[in-house]
Amino acid sequence: MAKKSMIEREKKRERLVAQYAEKRAALKEIINDQSRPMEERFKASLKLAELPRNSSATRLHNRCQLTGRPHAYYRKLKLSRIMLRELGSNGQIPGLVKSSW
26 MAKKSMIERE KKRERLVAQY AEKRAALKEI INDQSRPMEE RFKASLKLAE
76 LPRNSSATRL HNRCQLTGRP HAYYRKLKLS RIMLRELGSN GQIPGLVKSS
126 W
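Using our numbering, the final residue of the sequence shown is 126, and nothing's skipped along the way.
Keep in mind that the hints were calculated from the coordinates and are not lab data. The reader is advised that the hints may include incorrect statements.
[Unchecked claim] Distance windows between CB atoms, simulated: (1) Arg61 x Gly113: 47 to 57 Å; (2) Lys72 x Arg106: 34 to 44 Å; (3) Lys72 x Ser114: 50 to 60 Å.
Everything numeric in this text was worked out from a predicted model, so none of it was measured. C-beta atoms are modelled at their ideal positions from N, C-alpha and C, and glycine is treated no differently.
When you get a sec, could you build the whole thing from the sequences and use the hints?
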């Protein structure tokens, strides 16, 4: 049931994104500033490339906190649809009522 390695990998990515966020923003600002000399902008882009890949926010994915499943993810509860249904059926999510037809 648990893909703990993917959950841990995602947590590591979140830590790296938070750690390098200011540095990445500063380098991107230098790169996008057209008033700066070309050499300075190029050096900034090389420094940005040297940063860890997982420090980029685009590498983050929404994953279920219990199973690590990336699909059918409910942001509000941080669960996949499968775990939402299972926990809801067991009555472990307050205010969630399973309806049937």
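Comparing the hints with the structure gives:
{"no.": "1", "hint": "Arg61 x Gly113: 47 to 57 Å", "in the structure": "holds (55 Å)"}
{"no.": "2", "hint": "Lys72 x Arg106: 34 to 44 Å", "in the structure": "holds (42 Å)"}
{"no.": "3", "hint": "Lys72 x Ser114: 50 to 60 Å", "in the structure": "holds (51 Å)"}
In summary, this structure violates none of the numbered hints.
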